[in-house]
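The two chains are supplied separately, each in an independent frame; assemble them into the complex guided by the hints.
Keeping their order, the protein sequence lines are chains S and X.
So for the first sequence, the numbering used here puts the first residue at 1; every next one is plus one.
So for the second sequence, the numbering used here puts the first residue at 1; every next one is plus one.
None of these hints come from the bench; they were simulated from the model.
Every value quoted in this text rests on a predicted model; they were computed, and no experiment measured them.
Even glycine gets a Cβ: it sits at the ideal position worked out from N, Cα and C.
Check each hint, because a few of them may be wrong.
Claimed, not checked - If you anchor each label on the Cβ, the simulated ranges turn out as follows:
#, chain 1, residue 1, chain 2, residue 2, range
1, X, N165, S, Q13, 37 to 43 Å
2, X, T240, S, N37, 43 to 49 Å
3, S, L27, X, R224, 54 to 60 Å
4, X, R147, S, K8, 47 to 53 Å
5, S, Q26, X, T80, 21 to 27 Å
6, X, G264, S, Q26, 24 to 30 Å
7, X, A214, S, E20, 38 to 44 Å
8, X, A237, S, Q13, 32 to 38 Å
9, X, R160, S, N37, 29 to 35 Å
10, S, N38, X, R24, 56 to 62 Å
11, X, F37, S, N38, 44 to 50 Å
12, X, F129, S, E20, 46 to 52 Å
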Amino acid sequence: MDIIFNGKAREIQDGICIQELLDQMQLDCMQVVVEHNNNIIPRQRLAETPLNNGDALEVIHFVGGG
Amino acid sequence: MQIKVNEQDHSFAENASLGSVRDRIKSDADLLIVNGFPASAETVLSNGDQVVLIKRGETPGVEEFDALMTARHTPGVHATVKGATIGIAGVGGLGSAIAIALARTGIGHLIIADFDLVEPSNLNRQQYFIDQIGLPKVYALRDTLARINPHVRVTACHLRLTPENIAEIFGHAQVLVEAFDLADQKVMLIENFAERFPDRPMVTGSGMAGYGPANTVLTQQVARNLYLCGDATTAAAPGTGLMAPRVGVAAHHQANAVLRLLLGEPPDKEGKL
Numbered sequence: 001m002d003i004i005f006n007g008k009a010r011e012i013q014d015g016i017c018i019q020e021l022l023d024q025m026q027l028d029c030m031q032v033v034v035e036h037n038n039n040i041i042p043r044q045r046l047a048e049t050p051l052n053n054g055d056a057l058e059v060i061h062f063v064g065g066g
Numbered sequence: 001m002q003i004k005v006n007e008q009d010h011s012f013a014e015n016a017s018l019g020s021v022r023d024r025i026k027s028d029a030d031l032l033i034v035n036g037f038p039a040s041a042e043t044v045l046s047n048g049d050q051v052v053l054i055k056r057g058e059t060p061g062v063e064e065f066d067a068l069m070t071a072r073h074t075p076g077v078h079a080t081v082k083g084a085t086i087g088i089a090g091v092g093g094l095g096s097a098i099a100i101a102l103a104r105t106g107i108g109h110l111i112i113a114d115f116d117l118v119e120p121s122n123l124n125r126q127q128y129f130i131d132q133i134g135l136p137k138v139y140a141l142r143d144t145l146a147r148i149n150p151h152v153r154v155t156a157c158h159l160r161l162t163p164e165n166i167a168e169i170f171g172h173a174q175v176l177v178e179a180f181d182l183a184d185q186k187v188m189l190i191e192n193f194a195e196r197f198p199d200r201p202m203v204t205g206s207g208m209a210g211y212g213p214a215n216t217v218l219t220q221q222v223a224r225n226l227y228l229c230g231d232a233t234t235a236a237a238p239g240t241g242l243m244a245p246r247v248g249v250a251a252h253h254q255a256n257a258v259l260r261l262l263l264g265e266p267p268d269k270e271g272k273l
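The shape of chain X in the complex, shown without the other chains (with noise of 0.2 Å):
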């Protein structure tokens, strides 16, 4: 009979026992799961199950890990996401989800650069835990990051992007992420990494402030190589704050837009680019 373990198929006898299975798989798993609930060595297994085998504490191997996203993803997504490398600029409320929802994906290198350190306010919205107050976002996240996924390569560059460095810091990106909180930082960067690469994708954020419809938020193509997230219209402003679901909605919208890209679709409607 076919079991799934880890996810991956593997035969064994009729009436294979799950300590049978955890034996030639993994014999140092102290738990065990079938089907998405704990059970016995005991248990008698079934053609179709599908087996987790655990050792409590320990992080899964590059290969296993590997074969765990491959398992996951739609062919062919794995190898195109692993090879790739994304920018992000800004590290705050976009950018911290949009870099996570990265991470998941399992893109094989992040970029991300950020000047500003945790402050409490930034818990409203941004991917940062209590005990990271004080330090320097890119670090912070860095460190989330390697918990979700060590396999991910992440160059944290803490600094004030400017138009000098911009080239410099994100010349192997294939796609950047305009991911800052002020709209003339977000002009800056765009002008400054097309006038340099003109030929390479920019996924921008605009318009994510307050608790409007989630429906409203977009992705566009707003110029030959600008996609543009967000309802373009609602900044942030006193009595418009910036809101945790909005902005992920936003943030999202961003990490989606890149994987798109990243397979070669267009992030803003049905077809091939």
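Excised from the complex, chain S in its bound form (with noise of 0.2 Å):
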């Protein structure tokens, strides 16, 4: 199925979760921000959160220092 990932359209494998996409990815959730469909996803509930045709996803990387 297809998404929008960052922007972007991305084919990605059927029926997975978020915590999924992220894992296949090598994104670390604790450094992540994940926006699914405009709400913004706490990381225990990404792998209870379905990914369907035509989601958007933004993934907000985060770096330290502030």
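Following this line, the structure appears as structure tokens:
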């Protein structure tokens, strides 16, 4: 299926949840904010949030310093 | 003729002396300034002169301070920022500079939260002073803000922010500023505030270490209600330390983003929200 990932079309495996996609992309959920269809999803809900065809996903990676 | 005295317009007779203006407006003033330069009471004023009357050591009252701020701001800005409540999570290099910029802007109420104490190593970039070493940062910063603008209300919370207390501490914040040091803490704050207050904007900082070009520090909208200030890539690491200039650039991007949100303009581009 296809989703919009960080503003660009991307083909992903059918029927996976957000956590599985992050794992496949080797993204550390402790360092990223995930916005799914305009809503920020807390890390503890990433594994229970399925992705559907046409979804918009923004994954914002953070670095330390402040 | 028209003379501006302490930022307010007044009418005086032609050739009025500075002393006569002082006697009418602020008779106890002991420092008289005309067009930026100290002047004596005998000085004859001209139409359009700008006069500042100061009593040394005196704190301007709420109304006088308000008038000064109103005069310095674009019309309409002062009333809006004065009624605003802003939360700042973390008052290190980013948060301390953001708080100072927002206090100078006349934001009515700042909620600042941090568990940390002022350490000597903080002084390379954080807005603290030698005589504040060892104090909780939030209390030291509250004192500094009161020295800048005593009419800004500051709620200082000396504690560690956790998923359990974020909504309570920042329940009244119209905009939340993320100014933590560690990436996982930035994420924790954003997730938890967004979950409770999904429609309130947040302004976060990521990527301001080192001394790379200041021009790579940007303000970007990265989610519906999340604006990111920084280069988004340069992490603090051995060999890439956090330094005052670039941290200051990012901090002031954040402060300006807050101001634009309050005024109904998108932080990352021209236009209206």
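So, going through the hints one by one against the coordinates:
Evaluation of the 37 to 43 Å hint for X:N165 and S:Q13 yields a pass: the beta carbon distance comes to about 38 Å. Taking 43 to 49 Å as the suggested C-beta distance range, the pair X:T240 and S:N37 does not conform, at roughly 36 Å. Restraint check, S:L27 to X:R224: a C-beta distance of roughly 20 Å breaks the suggested window 54 to 60 Å. In this structure the hint that X:R147 and S:K8 lie 47 to 53 Å apart at CB holds, the actual value being about 49 Å.
Range check, S:Q26 to X:T80: about 45 Å between beta-carbon atoms, so the 21 to 27 Å window is missed. Evaluation of the 24 to 30 Å hint for X:G264 and S:Q26 yields a failure: the beta carbon distance comes to about 40 Å. The given range of 38 to 44 Å is respected by X:A214 and S:E20, whose C-beta atoms sit roughly 40 Å from each other. The hinted window of 32 to 38 Å between X:A237 and S:Q13 holds, with their beta carbons roughly 34 Å apart.
The beta-carbon spacing between X:R160 and S:N37, approximately 32 Å, falls within the hinted interval of 29 to 35 Å. At about 59 Å, the beta-carbon gap between S:N38 and X:R24 stays in the expected band of 56 to 62 Å. As the Cβ distance of X:F37 to S:N38 is approximately 56 Å, the hint placing it in 44 to 50 Å is violated. Separation of X:F129 from S:E20 is about 50 Å and conforms to the stated range, judged on CB atoms against 46 to 52 Å.
Checked against the numbered hints above, the structure violates hints 2, 3, 5, 6 and 11; every other hint is satisfied.
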